[in-house]
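Now for the letters of each chain:
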Amino acid sequence: SQTIHQWPATLVQPVGSPLSLECTVEGTSNPNLYWYRQAAGRGLQLLFYSVGIGQISSEVPQNLSASRPQDRQFILSSKKLLLSDSGFYLCAWSPTGLGETQYFGPGTRLLVL
Amino acid sequence: QKEVEQDPGPLSVPEGAIVSLNCTYSNSAFQYFMWYRQYSRKGPELLMYTYSSGNKEDGRFTAQVDKSSKYISLFIRDSQPSDSATYLCAMSASPGAQKLVFGQGTRLTINP
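The listed protein sequences correspond, in order, to chains U and R.
The first sequence begins at 1 in our numbering and counts up one residue at a time.
The second sequence begins at 1 in our numbering and counts up one residue at a time.
Simulated from the structure, these hints should not be mistaken for laboratory data.
Model, not experiment: these values are computed from the prediction.
Beta carbons: idealized from backbone N, C-alpha and C, even for Gly.
Hints are supplied without guarantee of correctness; some may be wrong.
Here are some, though not all, of the chain U residues that point toward chain R, as calculated from beta-carbon distances under 7 Å [as the list claims (entries may be wrong)]:
| # | residue |
| --- | --- |
| 1 | Ala40 |
| 2 | Arg42 |
| 3 | Gly107 |
Okay, the calculated bits of chain R under chain U, using three or more residues with CB under 8 Å as the criterion [said to hold, decoys possible]:
| # | region |
| --- | --- |
| 4 | 22–31 |
| 5 | 66–73 |
Put together the whole structure using the sequences plus the hints.
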């Protein structure tokens, strides 16, 4: 069966510091990968998605970036965090087929102070 | 106007009640409809997945899609305290899963 991991689970960072969140998927090959942000009491905002190694699509302009160095690894980064970057970051994966849907990881709670 | 509208609640009902959760949408191209359940401080988990109009049942859960009204529902029968969570609807126009549009979620509490 497939498993998705995210770490760290919780992170407290000062404004202006860099960020690196990691997501890995086990038990599947060539998945589509996604990064979402969920602000308190709000829905999910798609930040990035990837259909393959090195292929990243950005959905919203921001000071975040994403990379996919390996087939089942997805990284979310920032060079300088802003207060507004605080939130719950979720990684998701989906099989590359028709009629598929997305499956989410446990999430990383980020607090920027 | 948002593409997907979902009443954020909170919704509080007694144990054993039938719960109805709803979403409306504006994009008539949506064909794939999902319900996710999210417990506090956890990632969403897929609960139901339906294609086009009609009903789908899984245990105590029934998903209903009415494309003519652009309206989807999730019914929970014999609700349990363990059903207390935020429920997110999601939908997509494409057969691939790349572009899901989510509602903002309804927070549900089942009181023992």
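These are the hints, each one checked on the structure:
1. Ala40: Interface hint status for Ala40 (chain U): violated (11 Å vs cutoff 7 Å).
2. Arg42: At about 6 Å, which falls below the 7 Å cut-off, the nearest Cβ of chain R leaves the hint on Arg42 (chain U) intact, so it holds.
3. Gly107: With Cβ-Cβ at 5 Å, under 7 Å, it holds.
4. 22–31: Per the Cβ count (0), the hint is violated.
5. 66–73: Check failed, 0 qualifying residues.
Checked against the numbered hints listed earlier, the structure breaks hints 1, 4, 5; every other hint is satisfied.
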